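There are 2 protein chains.
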Amino acid sequence: MSLVVHKYGGTSMGSVERIKSVAKRVAKWHRAGYQMVVVPSAMSGETNRLLALAKEVSGSASLRELDMIASTGEQVSVGLLVIALQAEGVDAISFCGWQVPIRTDDSYTKARITSIEDQRVRDELAKGKVVVITGFQGVTDDGHITTLGRGGSDTQAVAVAAALKADECLIYTDVDAVYTTDPRVEPDARPLKTVTFEEMLEMASLGSKILQIRSVEFAGKYKVPTRVLTSFSDPMIPIAEEASSGTLISFEEDENVEQAVISGIAFNRDEAKVSVLGVPDKPGIAYAILGPVAKANIDVDMIIQNAGVGGTTDFSFTVHRNELQKTLDVLKNDVQPSIHAKEVTGDPKVAKVSVVGIGMRSHVGIAALMFETLSKEGINIQMISTSEIKISVVIDDKYMELAVRALHRAFELDKAAA
Amino acid sequence: MSLVVHKYGGTSMGSVERIKSVAKRVAKWHRAGYQMVVVPSAMSGETNRLLALAKEVSGSASLRELDMIASTGEQVSVGLLVIALQAEGVDAISFCGWQVPIRTDDSYTKARITSIEDQRVRDELAKGKVVVITGFQGVTDDGHITTLGRGGSDTQAVAVAAALKADECLIYTDVDAVYTTDPRVEPDARPLKTVTFEEMLEMASLGSKILQIRSVEFAGKYKVPTRVLTSFSDPMIPIAEEASSGTLISFEEDENVEQAVISGIAFNRDEAKVSVLGVPDKPGIAYAILGPVAKANIDVDMIIQNAGVGGTTDFSFTVHRNELQKTLDVLKNDVQPSIHAKEVTGDPKVAKVSVVGIGMRSHVGIAALMFETLSKEGINIQMISTSEIKISVVIDDKYMELAVRALHRAFELDKAAA
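Top line first, the protein sequences correspond to chains B and A.
Sequence positions in the first sequence follow the working numbering and run 9 to 426.
Sequence positions in the second sequence follow the working numbering and run 9 to 426.
Chain B with its partners taken away, still in its complex shape:
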């Protein structure tokens, strides 16, 4: 018998009516003979309400107590969903993270799962029950409640699917698939039937908000076939149709299917560019610049160093836009004087655009086509960075939408893959 894990987000659980709709959908799968584990989020808005209450009591709350409070949102959700399932005539039982148990480290508010014991869940499944497990939370070895941080219920669902060796983890959300790019920017964007784990990881880390990046990492690590699909369709559509809808994140490159070269165009304007100009070109300079930045707890994304003329070089990197000022302060106060750089500049008006595709491993000319396309549109490339399956460029952010649309057409993403 197939075992599947369903994950439902906060919007899908947003009201009593929506919860009843989720129950109808789960009941349909259960009646069709699937073994079912369901991981629902807290009702939308509930976690924020709870954290606001805590903040009203004190701005400097201990993280352990915040987890104690925030974890109740999911606990209410699982109880309500089981009640709705029982009203559909389905035998079901709810478990909190500590009851499974889902063990985590003790990094309160952003804990990481260390192990999941599956016996208790298996016992209930063997009795024919649907098992409903809280997302977003676990328990330490010392018996303290932890939460996985925002979006952690995606990760929890995938982790539970991995622990149970589920046939598939279905992530129900408010979009119907992963698209070749954001349809709000490019109306011809096309839903992808499949995407590889590596591509999804690049898309997720580049700002596609559909799946939390840690859940994709988990899916990759444990090779859990994971499907993204909508919870806003009619809950009673035929299973065969529903089970093949949305986008499947796959782990085996299917030799028989011609892989599209490029799967999608990702983009974000969350970053800012920082340059340290006229730096003496000698060993240790990258560490001299980035050491103090890392020490200030600032995450750095792209890093570029160009060999310059006359014994000096220019060093550029990107940081989150919110941390630009902090970064400039560190550089101007702690770095510039000691390395005798000529100038430190910052530019928040940049955007990063990336083409992502596992197919580029075996295809040449992807970079050339990308640069040609941007050139034709008169878009200047400020930084370039590449990995095995993606090429990213930093450009003036006013050209972002134009670049995305031009690349989408150039790589023929509006046309269905062969």
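In short, the hints are calculated from the structure, not lab data.
Every value quoted in this text rests on a predicted model; they were computed, and no experiment measured them.
Some hints could be false.
Which copy is meant is left open, so a pair is good if it fits within one copy or across any two.
As the list claims (entries may be wrong) - No farther apart than 25 angstroms at their CA atoms in a straight line, the calculated lysine to aspartate or glutamate pairs in the DMTMM-like style are these:
#	residue 1	residue 2
1	K137	D114
2	K137	D150
3	K137	D184
4	K32	E64
Given the coordinates of chain B, work out where chain A should sit on it, guided by the hints.
For chain A alone, coordinates are given in the frame of chain B:
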């Protein structure tokens, strides 16, 4: 070092401001050197909100899932109180029932505590922390969450105090003491400095709503000195003053203090009187009447049987007013025909008034004074029932307040005990 347990009800935890006030009070005790365990209720209205949500999903929810949902109200409370305590500079930690653990049977929504393990709490107390424990909930041996039912957090607090052999359990509530009778009926009602466990049990079971009866039973069984006092006073009043305020439920009859003969007047109008008239006076008749009533799951309180004339007798008892019609149906359909009773009558317009006092054990004339007082006021007594420490009468309910005031004066309860 003294160890005390504080219990705060839902109104005391009703808002962020109130929670901060509770934290100030607890911090004051902690700073004065007490080891502190605090058991707060859910914020007032929260449990009702959660149960209404569950009912909206389905009217026939499983009790296990209701407990899963309802228990979150207290979980939020303990987290918020710890955060408020930390803001007061007090080191504190919260525990759910399952974390202590507080073990219960599996009677969901009305579970009974079977055992409390104290090691985890003691370990935290030894570190100098205030330990905040959810009221109202526990965990079964199989790891399912249970709730103790409404008012269960009084019981939980007393049970925790018993397990920890606390020096005192202080129940903070919205009244400032146990009174000789309800001050709304008798303005001269006087707060009692002490009351014995047995008296409190009679008062609680007779309708005084200050403490849940099970918590009094628990206090009695484990001899936990328990004090009822207000949480609405200034949280910063001196500890010496606060620690001797309210009413102490004591377990040792202090030989050195003249015990008041009567401690208080209890009353309620929740009951109705039922009479089965003209019953053949022969063995087995009580069972023939009350067997079918018990079978219909109707609780019976007072029971009176008078020997009658001519071989017949009259049999009367009281039931909750809400169950009068159901009782009459059972009697008329199932009982009257088989025992050949002449008539079955019901009267909802009755009230029960009781004088309660451990002192009546060694004093005569209490019943006589009670009956004389009622007679002087022209109040007819319909039923009488006595225990070792109380005398109850059933009277026409329109005379209830008059009876309470007259008895309060007759037993000189408005005057302080010697």
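The hints, checked one at a time:
1. K137 - D114: Close across copies (19 angstroms), not inside one copy (31 angstroms); limit 25 angstroms.
2. K137 - D150: between (30 angstroms within a copy, 17 angstroms between copies)
3. K137 - D184: Result: close neither inside a copy nor across copies, 28 angstroms intra and 50 angstroms inter.
4. K32 - E64: between (38 angstroms within a copy, 16 angstroms between copies)
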